Structure formats: structure tokens, C-alpha cells
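Visitor: If you're matching them up, the sequences are chains X and F in order. Residue 270 in this note's numbering sits at position 270 of the first sequence, with consecutive numbering throughout. In this note's numbering, each residue's number is its place in the second sequence (first place is 1) plus 291.
Derived by calculation from the structure, the hints in this document are not laboratory data. Some clues are possibly wrong.
In silico EDC-like pairs for lysine to aspartate or glutamate, Cα to Cα no more than 16 Å straight-line [as the list claims (entries may be wrong)]:
| hint | chain 1 | residue 1 | chain 2 | residue 2 |
| --- | --- | --- | --- | --- |
| 1 | F | Lys302 | X | Glu93 |
| 2 | F | Lys450 | X | Glu93 |
| 3 | X | Lys138 | X | Glu197 |
| 4 | X | Lys144 | X | Asp179 |
| 5 | F | Lys528 | X | Glu202 |
| 6 | F | Lys450 | X | Asp179 |
Selected chain F positions facing chain X (Cβ under 10 Å, derived; list incomplete) [unchecked claim]:
| hint | residue |
| --- | --- |
| 7 | Ser306 |
| 8 | Met310 |
| 9 | Tyr328 |
| 10 | Leu329 |
| 11 | Lys335 |
| 12 | Val445 |
| 13 | Arg448 |
| 14 | Lys450 |
| 15 | Thr453 |
| 16 | Arg527 |
| 17 | Thr530 |
| 18 | Thr534 |
| 19 | Ser538 |
| 20 | Gln547 |
| 21 | Leu583 |
| 22 | Glu587 |
No experiment lies behind these values; they were computed from the predicted model shown. Glycine included, each C-beta is placed from N, C-alpha and C at the ideal position.
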Amino acid sequence: MDRLLFGDNQFFGINHMSEEKARAQAVRFQDTSAVIDVLDSALDNGIRSFMCTTHDRIAEVADHMRADPARYGDYQFLPCMPYAHKYANAVTEDGMLGAIKRFTPEQGMLSAALAGGKSLATKDIEGMVTLLIDAEMKMFQGLKTPVVFLQNVVVDLLVGLRFDDAFRIFAQHIRDRYDAEPAFITMNLEATLDTLERVGIENPIVCANMNKIGFRMSGGIERYEQLLEERDFQAIAMSVFASGAIPAREALEWVRDHPSIRSVVFGASSAANIRSTAALASELWPDPVAA
Amino acid sequence: MISIAVAGIGKMGLSHLAMVRAHPDVDVVGVCDSAGYLRDVLGKYTGLPTFADYTTMLDTAKPDAVLIATPTGAHVDMVRAALDRGIHVFCEKPLSLSAADSLDLVARAEAAGVVTAVGYHNRFVGAFREVKRVLDSGAIGDINHALAESYGPVVLRPKGATWRSRRTAGGGCLYDYAAHPLDLLAWYLGEPAKVSGTALGSIFSAETDDEVYSLLHYPAGPTAHLSVNWSDESQRKMTTRITLWGSKGKIVADRQEIQVYLRDTATPPEGYHHGWNVHYTTELTDPVWFYLRGEEYSAQLDHFVRQIQASGAGEAVDPLNDFASALVTDEVIEKLLADAAGIPATAAEPAAAHRPARRPFWSRRHATV
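Only chain X is shown next, with the shape it has when bound in the complex (with noise of 0.2 Å):
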């Protein structure tokens, strides 16, 4: 995994401090071109790693990348899935069992399930959750990607629900199917390392907040300090400058501070930002691009 992650917030009309930038950035980025031309100065400067979402514009930029081989043959996708606001919105649109049935391309399953009662429920879930996952990788198709991850409503759903079976059809799938390794999003450290060490998945690759003021680390920052030294796990920083609210040097000195944290995912819409972060990662890491 690359020392720096290019994040997809940005483009997506997402900012955890300001609504109006956040309007603004969506105004921007509407045009699929934009999000590239920032991709691409980020490539320039050597981030060659997307962690995105699996919003139905990244599948243009999978397109992109798949026509041009010479320029983006390095290049990593590392999906995030699912792409939570399309589930919601089904649901709130068609109750809990029409979305299920809605993004099931195989109906009869559920049908069968909805009328077999409980003996086809374990066998079921298992189906639909694989079935899923593939219908949301099927826009990478032919690219790399080496970690796919389950985003963080969802993963901290299952873990406050304890739904420990899922961590393990979800880890399993993406090894068997995909030769990738399964990765995690969370805002619950904790609660999800104990959650992934129950279902027997070691050294995860997990990403959670982590930053210098403990913005968003629920049980706090010097819990989330131990964490880091104590456990046995490939640690992926998000939110490190909380969205503007810790200057970038603050930030990643912060950062390289903390060894055990492998990665950084940061997002940025101009060349100038990406530049500057990545000039500030190579003082401060020897090879900043490749950990």
C-alpha cells in the first residue's frame, strides 16, 4: 500500500466543516473531466492510488484510465463500497425488502427466502451480500485493485449490530474473487478491531480518522494512541487535517509522529494543494509515494 491515498470526498460535494464549499466543489467537479485533470496532477506527482467510492461518475473514470493503458498501467483503484446514499435512498423509497430485492439482480433468491421463512435466511444472505459486491467491482473490471474496502456507515452498522458473519463473508469474497485484500472504514476503532480479531481477519487494513486534535476518533485520541501501538493492524489515517481545521505541516507531523500509521488518504481539487502535500510527505518520509 502507497504512503499517500488519494481521496474522492472533494469531488463528491462532501466537506465536513462547510456546506458552501462543499456546494461549490460539487459545482466544479459535475463535469467527470474535472475530477481527471485533478487525478492526473496527482498521478504528476507520483499518487498513483484512488481510494474512491463506487459512485456511478467513478465508473467513467474507469473508463478513462481503462482507454489509456500507457499513461495509467500503474494505476491503483482501491473501491470503497458500497456506495451507501444510493442504498439509503432505495430504502427510503421502497422500504427495507424492495431495496434488497431492487439490487438483487437475482429475485427468485429473495422471493424464496421471503417465503421459505427461516431455513434459507443463512444461506441467503451470504448469496446476496457476494452478489453485491461483484455488481459493485463491475465498473473496475480489468483495472487494479489490490485493497477493496467496505465503507465506514456500513461497517459500523454491522459492528454495533455485532453482525460478525458479514466481516467474513465480505473478507472472504474479495480474497476468493478478487485476489485483493478486504480493507475497513470506520469511525469506531475499536469497536471494529476487536469486531475483525472475533472473526479471525489478521493484521486488517483499516482506515479511520486520525488526527492531531482528535476530531471524530470515538473514545478519544489517546485511546486511539494506544490502539496504534498495542494492536496489530495496517493503520490508514483519514480526516488528518479535519477538513481544514489543523494546518497540512501541523497535520502530518502529527502524523509521522505515530510510525504504526501506514497511509494517509487525503483529498485535494487543485495541482497547487496536491503539490505542496506531496513536497511536505517527501520531507517528511523518506519515500513518501511507496510505503
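Assemble chain F onto chain X, guided by the hints.
Guide: Coordinates of chain F only, in the frame set by chain X:
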């Protein structure tokens, strides 16, 4: 340990369930839902005791508290059944579809001596709490006018088969969306004396409203515009914004940030100065034990749990979002419906006339919040 049962495992119910199950002081003792398949999957994979019938769950699992996240039309009977058994209740918003029913629930809850809460989570959003603090400090002077807005992408097509598309079940933009900014207005300005110019419009829905606009008139003089539209596809998710104009300044806030302008005549509260002030969620938000979709959801559940613990110890915690405060919003909703239908204002206030002599929510809201 507080034992809690959860009724309804739709989108909100599931997320509540995940958060309370992760709460260190809570033991989830039962979950019920009418959908057998969801119940079956949940029971099988999480080991939670599941029930097909709500009252059977209350009588078998005997929880200290129940968390109700069913369609609004089902709330009243379910809340009553819990109150009859002396069970603390957290109910999703709005509390009911009738101010008279909500008033009855307020009285019953008070008689039962239980803790109540309604899922108006905006009261737990750092920026909206800060608005309350700045208002209470008197910094922006006398309020002249407010603008309360909510927009989001919920109903974007003519079709739709769930309870949200039927007003009789509690669906529609007014009950589902407008209730949130109305709750914030109730928190900041109290209860309006009357409403006028209400427009309930349908954009896609055949049986209910997709947009709500109105002018609220408060007893001491201020007015507030309400502007809500849940068929606004330009929004990524629900966006609620509140703007307040006062004689000495102005406040603009959403869930991410609060912007305050203070005139030279204002006395700035701590952390503020004359001119523009901006504070972000990063500094306004308290950490929570478990995060799912926003600190405010965890914070409101934790507040409910702490109130139950306190009531057990004979102490009191500021109720903040109890049935009594939710009743105000239900009364306003009823006024809006009457106004939109052209019914004269006096006919739309049956609940106000029958309020219990003791009105703890008034005194509480003015004294402590």
C-alpha cells in the same frame, strides 16, 4: 445496565439499534418488526431476541426502556402500551399525527413518572446547540425574524410505495422533514401564536405534500419563514439551515458551522467579537462513544440513557427533547394543516385549551435549556 427493546428495524430503527447495542451501559433485550425476513436474519446473525408482536416483547423481555422507530401512524398505541407498563420511551419524530394525542401522551408519561424523548436529533448538533447558547446570551438582541429551511432528495419520482407516500401514515414532507426545522424554531423562539400563508405543495407525491412554506407569528412579535422541500435533488442529503435576525446581530447555522454577525451595540459572548464570527463543527462537537452517521444520533441516545440513570438515582437531567417539547411541534403542524386548508386559526387549537394545569415544559425550557 439499562435494558432496552427496539420496535421497528427500518433505516432509523436499525441505526438506533446499532448505536444502543454498542452503548456500554445498555443491554438490548428484544427487537420487534412486522417483517419476518428481516427479523429472521437479525436473530440468526446477531443473536438478538426477536419478536413479531410488540406487546409480547414488552411483556416477555420486560425492558426498562423502549425505542420506537415505526411509521408515525403507529406511535400512539405503542407509546401508550409502554407507558401503561411504566417503561421509559424514546420515540422517533414526530411524536404523533395529532396534537390531542400527543398531549394525552405527555399527561400519561407525567403520571407514569417515566423518562421520555423524541428523536429531534438537531438539538444535539454542536452548531445548533451553539445557536441556542448565543441566543440565550442575548448577544443578537431582540429577534425580529427567522428563516428555517430544510431541503433534501427524498421523493424524486412520482412513484413510491412505502408509508412515506401516505399522509395518513405519517408520510409527507410536513411530518417527515418540516418537523425538524419546526422543532428548532420551537427550541429557539417557543410556540407561535398563529401561522399564515401556508402552502403545502405536491411535486411528485399523489397522496401527500413534497414542499411546505409558511409564515409563523410569535407572541412577542417576531416572525419566522419556514421553507422546506424534500424533492430537491440538488442536495446530497438533508440540509437544515437556520437564520435569525436580531436587533444587535444575526446568526446563520447549519449542522456544520455557525456564523454570527455582531453589531457594535452587541455584547459578544465568550469566544466572540464584533463583526463576523465563524465556528465549525470540529470545535463545537463533543466526542461520542460510538459514531454512526453523525455524533448527534449517538448523543441523543446517550442523553436518554443518562436521564434514565439519573431518574433511577432520584436526580434530574435537563430533558431537552422530551414529549412536552415535541408536543409544541405537533401543535404547529396542526396549525399549518388547518391554515393550508383555509380553516380559521381558532378552530385549529383544541390541544392548547386542554393542556394540563402544570406545564413543566414551559418552565423547563425557559429556566434551564
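Visitor: Each hint: holds or not?
Guide: Quick rundown of the hints versus the structure:
Restraint check for lysine 302 of chain F and glutamate 93 of chain X: the C-alpha separation of about 11 Å stays at or below 16 Å, so the hint holds. Distance check on the hinted pair: lysine 450 of chain F and glutamate 93 of chain X sit about 8 Å apart at the alpha-carbon level, within 16 Å; holds. With a C-alpha separation of about 30 Å, the suggested pairing of lysine 138 of chain X with glutamate 197 of chain X is violated against the 16 Å cut-off. The suggested pairing of lysine 144 of chain X with aspartate 179 of chain X holds, with an alpha-carbon distance near 10 Å, which does not exceed 16 Å.
Among the hinted pairs, lysine 528 of chain F with glutamate 202 of chain X is inconsistent with the structure: their alpha-carbon atoms are about 36 Å apart, more than 16 Å. For the proposed pair lysine 450 of chain F and aspartate 179 of chain X, the alpha carbon gap of about 41 Å is over 16 Å, so the pair is violated. Proximity of serine 306 of chain F to chain X holds as hinted, the smallest CB-CB distance being about 7 Å (cut-off 10 Å). Restraint check, methionine 310 of chain F versus chain X: the minimum CB separation of about 6 Å is within 10 Å; hint holds.
With 10 Å as the threshold, the beta carbon of tyrosine 328 of chain F comes within range of chain X, its nearest partner Cβ sitting at about 5 Å, so the hint holds. The criterion of a C-beta within 10 Å of any C-beta in chain X is met by leucine 329 of chain F, whose closest approach is roughly 6 Å, and the hint holds. The restraint placing lysine 335 of chain F at the interface with chain X holds, with a minimum CB-CB distance near 5 Å, inside the 10 Å limit. Taken as an interface hint, valine 445 of chain F checks out: its beta carbon lies about 6 Å from the nearest beta carbon of chain X, inside 10 Å.
For arginine 448 of chain F, the interface hint holds, the least distance from its beta-carbon to any beta-carbon of chain X being 8 Å, beneath 10 Å. Of the supplied interface hints, the one on lysine 450 of chain F holds, with its beta-carbon coming within about 8 Å of a beta-carbon of chain X, less than 10 Å. The interface hint given for threonine 453 of chain F holds, since its Cβ lies 5 Å from the closest Cβ of chain X, which is under the 10 Å cut-off. Interface hint status for arginine 527 of chain F: upheld, as the beta-carbon distance to the closest one in chain X is roughly 5 Å, under 10 Å.
Annotation: threonine 530 of chain F was flagged as interfacial toward chain X, and the flag holds, the nearest CB pair being 6 Å apart, inside 10 Å. Because the beta carbon of threonine 534 of chain F sits about 13 Å from the nearest beta carbon in chain X, more than 10 Å, this interface hint is broken. A least Cβ separation of about 26 Å between serine 538 of chain F and chain X goes past the 10 Å threshold, and the interface hint is therefore violated. The beta carbon of glutamine 547 of chain F is positioned within 10 Å of a beta carbon in chain X (closest approach about 6 Å), and the interface hint is therefore held.
Because the beta carbon of leucine 583 of chain F sits about 5 Å from the nearest beta carbon in chain X, less than 10 Å, this interface hint is met. Given hint, glutamate 587 of chain F at the interface with chain X, is violated; its Cβ is 13 Å from that chain's nearest Cβ, farther than 10 Å.
The structure fails to meet hints 3, 5, 6, 18, 19 and 22 from the earlier list, while all remaining hints are met.
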